[in-house]
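The lines below spell out each chain.
Number of protein chains: 4
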Amino acid sequence: MAGSIAGEVFRVSTWGESHGKGIGVVVDGCPAGLELTEEDIQKYLDRRKPGQTKYSTPRKEGDEVQILSGIFEGKTTGTPISMVVMNTSQKSADYSEIAGYYRPGHADYTFDAKYGFRDYRGGGRSSGRETIGRVAAGAIAIKILEKLGVTITAYTKQIGEFSCRPDFSARENIEKSPLRMPDLEISAKTEEYLTQKMKEMDSVGGMIECIVSGMPAGIGEPVFDKLDAVLARNIVSIGAVKGVEIGAGFAVAGMTGSQNNDEFYINESGCVKKRTNFAGGILGGISDGDDIVLRAAIKPTPSIFQSQKTVTRQGEETCVQIKGRHDPVIMPRAVVVVEAMTALALVDELFLGMTSRMDKIMNYYGRK
Amino acid sequence: MAGSIAGEVFRVSTWGESHGKGIGVVVDGCPAGLELTEEDIQKYLDRRKPGQTKYSTPRKEGDEVQILSGIFEGKTTGTPISMVVMNTSQKSADYSEIAGYYRPGHADYTFDAKYGFRDYRGGGRSSGRETIGRVAAGAIAIKILEKLGVTITAYTKQIGEFSCRPDFSARENIEKSPLRMPDLEISAKTEEYLTQKMKEMDSVGGMIECIVSGMPAGIGEPVFDKLDAVLARNIVSIGAVKGVEIGAGFAVAGMTGSQNNDEFYINESGCVKKRTNFAGGILGGISDGDDIVLRAAIKPTPSIFQSQKTVTRQGEETCVQIKGRHDPVIMPRAVVVVEAMTALALVDELFLGMTSRMDKIMNYYGRK
Amino acid sequence: MAGSIAGEVFRVSTWGESHGKGIGVVVDGCPAGLELTEEDIQKYLDRRKPGQTKYSTPRKEGDEVQILSGIFEGKTTGTPISMVVMNTSQKSADYSEIAGYYRPGHADYTFDAKYGFRDYRGGGRSSGRETIGRVAAGAIAIKILEKLGVTITAYTKQIGEFSCRPDFSARENIEKSPLRMPDLEISAKTEEYLTQKMKEMDSVGGMIECIVSGMPAGIGEPVFDKLDAVLARNIVSIGAVKGVEIGAGFAVAGMTGSQNNDEFYINESGCVKKRTNFAGGILGGISDGDDIVLRAAIKPTPSIFQSQKTVTRQGEETCVQIKGRHDPVIMPRAVVVVEAMTALALVDELFLGMTSRMDKIMNYYGRK
Amino acid sequence: MAGSIAGEVFRVSTWGESHGKGIGVVVDGCPAGLELTEEDIQKYLDRRKPGQTKYSTPRKEGDEVQILSGIFEGKTTGTPISMVVMNTSQKSADYSEIAGYYRPGHADYTFDAKYGFRDYRGGGRSSGRETIGRVAAGAIAIKILEKLGVTITAYTKQIGEFSCRPDFSARENIEKSPLRMPDLEISAKTEEYLTQKMKEMDSVGGMIECIVSGMPAGIGEPVFDKLDAVLARNIVSIGAVKGVEIGAGFAVAGMTGSQNNDEFYINESGCVKKRTNFAGGILGGISDGDDIVLRAAIKPTPSIFQSQKTVTRQGEETCVQIKGRHDPVIMPRAVVVVEAMTALALVDELFLGMTSRMDKIMNYYGRK
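Protein chains in written order, with this note's numbering: chain A, 767 to 1134; chain B, 767 to 1134; chain C, 767 to 1134; chain D, 767 to 1134.
These aren't lab readings, by the way, just hints derived from the structure by calculation.
Ideal Cβ positions, reconstructed from N, Cα and C, are used throughout, including at glycine.
One or more of the hints may lead you astray.
[Unchecked claim] Derived contacts from chain B toward chain A, CB cut-off under 8 angstroms, selection only:
#: 1; residue: G769
#: 2; residue: Q832
#: 3; residue: P988
#: 4; residue: K992
#: 5; residue: I1064
#: 6; residue: S1122
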């Protein structure tokens, strides 16, 4: 239970440190018969990888994935899929200095408190590179979801004071913005702000929104494994996330029941629908067939180039100036991680949901 | 995996419906040798139970717990602790009408979508009464935490527009407010607002803050079982919660790294401390020894007495007017549930954390 | 993880001590829509309960089950099913003496070694009464299996030197023998032997065989969750079991490949079948569509009335003479427990098996 | 839950097919601070690898392990340890023929029944090569156990009719026998028998015994996670195992209570001991401090070179003659796998056992 395995029936087991030999993941529980190639994985890793814009570290990482098992003749076999990205650009020498002190906002101190020592090179296991395994596994989950008619879109909704306006036209513009902010006018203004903050050797926080379309109603397990609870866990497990909300989210604190209750109606196809979606597509922890909407608060990159006060491992106060290559804003790359972690939760719950009804189980096994 | 079991080594398995014979929980993994009586459990159930103030349903429920197993001569034996609260006040007749339609904001529709039918009496398994099992199990977890020097305090931080000011003096005032709002001046104003909303046959949302003191540094597992991720899951699994945040939470979206990074220093005892606590006591998913601070957004009670538009199970639109006994505000009672779910997460992670270091394991087993 | 929860998606959580207030189980993951009454459970508990013949303790226990949750209008709702049997016949006074010493062959010493003390009344949690929860949960599993065309039959195959001959006609005779030995001629001889051993104040061991018919091919997960591995775990988890074997079992040690390999052929319906069944219905951990055959070795009841040497909790050697009511042979009652534990494993694997193939998942969710 | 992850807190996730790119395992939950090198792993893989004697396939496989993560400066960091053995000697061409039919005694048919198709090259995931991941993970577990004073020894106890006599002197002779049969006189006779069977193009079954010394008393969780139950699951999960027994095992069927009960006494150091060990070191599912003794029945290698009748995927009967390289006896190599799977179970239960007692938990966290 050292915490690097997620999921109940679609299970992913990630491994790897920033400056170790590589980063990878094993997916156990992928059904047989899914067409899967390294390209299917690579396209998500490419969206995540550094050096895509001037707002991410210029570190050259190919981040090329290899699939080592679980595929035969182009299809998944139902056995574990092992995927690896070898590290190529790490120079441990860069990091010898940080071995001795605790960077503010990082996990240096807490890893030492937990384990007695740590792999200090580039953050080790708490590096952002750890998310490679999540994204690789998430790419498979997304492919499964597509087969089931479910699509996931995440984008940068807010950076600093700048938020996308509600009337932006989302999907087609996301990749047009270097910040993955689909409101392109706001995106341009945010770039100016960001350039200023980079000059100040500072970093910025923000918010990511994720929208799931096509989710069938009836998915999610009551009580502890509510769909929103599992989503919340998955999202908050991403390093920089400090909060998560579903639907109206924290705004519900200021609402009344008559405002917040979504009215049901019957649409032209005779289906039960809601006029509004303050619920964010989940009622009682179970999907209601509407879009699932969640948002994640992302803290500013803790690695900033300003001088900061901190302490050494030996218990002395000191001043540090972090060097190296660090993103001043991680939302554009974290968007892909949010999609991946959302997909992992959804696939797991969709699979678990197959045993909810005796009649459907009997039907599955050819009984009536 | 129908979702009513939580925890990895301190595991709770809850059961029961609002209008079934009873509600209960089995705790598997409680260590042997903890003094435990029914009174230890009852005092938390009493804080949770209805009818304590005019802001909660006047339903008369004794909610008396019986411990059926796992205790011998006043102490836990290490075997499962089964606790039951029999339902006494349920009149199913009250609910026959709601069988046919879907209440807005409730899980009626999604339960039907998932299972094909539902126990419609008082919400069945999705009733707030389901939290009795959580609170009973949480009471044991809280007792374990106390032995380890960890205390948990939750309170109502916000209702509607009204928020406790940061300088309130917290713990001693919480129980003085019928809303469990320790800023008593604000609490009084909120009561007026609430009275008004009750007249309007409406309900209100709010926010609960939970503070954990005394948590040792080094607890929490990296990656998927980060301490904040497990807390987030547990908190969002509470029925009405639509968001959770840790430390600075959603405010990080508007912050810069230089603002948000907590500076480390060495206190007079030579310990590593942080000058601020934007991290909320968790760095990299591992406790840093500081107070853990989390907040949960609670939606307004969906049961309101105004007429609402909705649909029937037969797919026809209709108007409904909910009757019965419903809290116009659930924060005062939900505070206890937030404490319980927090405690369950902390105990589980504290227990898992015992296997993090080889030297400590060897010491435990008398090896050197 | 105190060990009283079993299963991955059809999960059972048992609780209760021999002389506590009751014994029970919570089943989480039972699908909705299964007709279920207390009688469905009671008939299995009645087969398990003491006092049915002169070979089991004459203790009067009604062992009447109550279902406290998870059923509505005669059907399972998909939410946890809590079942309780209250203890009625326990007189703790009987057991005060055994508090001070360790009964040979019992778990008295190991419970003390693990927990520091124990509920010594009648074995506490390690009593045979603990199996009530298993049998109650197993009764639900058996009912699910029946819906899927799977039947389970266990019987006493051996007691001491006496074994059923291979050509007995099984099912119809099992309940005709007080020992649940369907070879009635052998059963009669065994009764004589048993009567003799009872006079000698001794107990006897034996073997139970369990046969599963109707299991579809393709169930079981490769590697660690092989169908036989999960069955083995479940069977060995029954208190008195000291060994388990599948198909030819231990006889394979003396066989050659040419003897042990089951030849495949095509039957008249065009299906793949095996001419023999040394595999016991499982190949590579996955069911092959043939009968699943397993056997469990059951040790003699450790409670015997002869004087035995042992030690006290204080570390002194002593002689003990166990009193009370104890079965001289437990196979006839354990047969029901073996069926239950087999059923729990099968249901769990059948449910897990629903996510093995992408095409079937798409079909389940109405995609093509 | 596709079954390739084992353990609760010390968790291993294996992957890889016989003729894929490689075989590997991720260990999540290894404590920090254990010295670990590739040599520590390699020595167990070398004992397992083919080509060591004339009784195993002459296939040239280096089976060289690489550790890709989780180690820093020679010690485990507490984060996942990823280990890989790349496949080097596989020629898929060898296997094109077997794609079309089902080998008797193999999992070909059941994989097809489960997944709809299979990786037919060399058995794919059901190949004996899959055990490389188990042995690599087991090597770490064995190293942890050594630190805790626990040692594991397995050896070939029986092949065909030939069994080691009880008075052999075990450990020092095991590696002197090419069959890992420490009774060297019997080993020599067995070699003759085996040579004869190889001439007959046949294979042989056998039995492995495994002895655990130094296990502290009090380990194992009652009810479903009994130490013997978890061991049974782990052992039966090894491909060729058809039965497992603990202590007296199946012999208990013919014993009486007075024979089978192990008498307790106090040894010269004042410790509770048993005069005999029919219990095999486990009472009530909890270790009693004595040697743990278990035996596994191993079926004859199903790949034999004689002509065998079987069926094709298209449903036609056929005759097949298996070619290639196959061990006529797998016990000598399986011994290492039995040790590994035993070690994995023990470490997991030792770690889980750390939360059994409140006083020890308080002590761990520095409370009194």
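Hint by hint, here is what the structure shows:
The interface hint given for G769/B is met, as the beta carbon of that residue sits about 3 angstroms from the closest beta carbon of chain A, less than 8 angstroms. This hint is violated: Q832/B has a C-beta 21 angstroms from the nearest C-beta of chain A, more than the 8 angstroms allowed. Taken as an interface hint, P988/B checks out: its beta carbon lies about 5 angstroms from the nearest beta carbon of chain A, inside 8 angstroms. Hint on K992/B holds. Least Cβ distance to chain A is approximately 5 angstroms, under the 8 angstroms limit.
Taking 8 angstroms as the C-beta cut-off, the interface hint given for I1064/B holds, the closest approach to chain A being about 7 angstroms. At a threshold of 8 angstroms, the smallest CB-CB gap from S1122/B to chain A is about 5 angstroms, leaving the interface hint in force.
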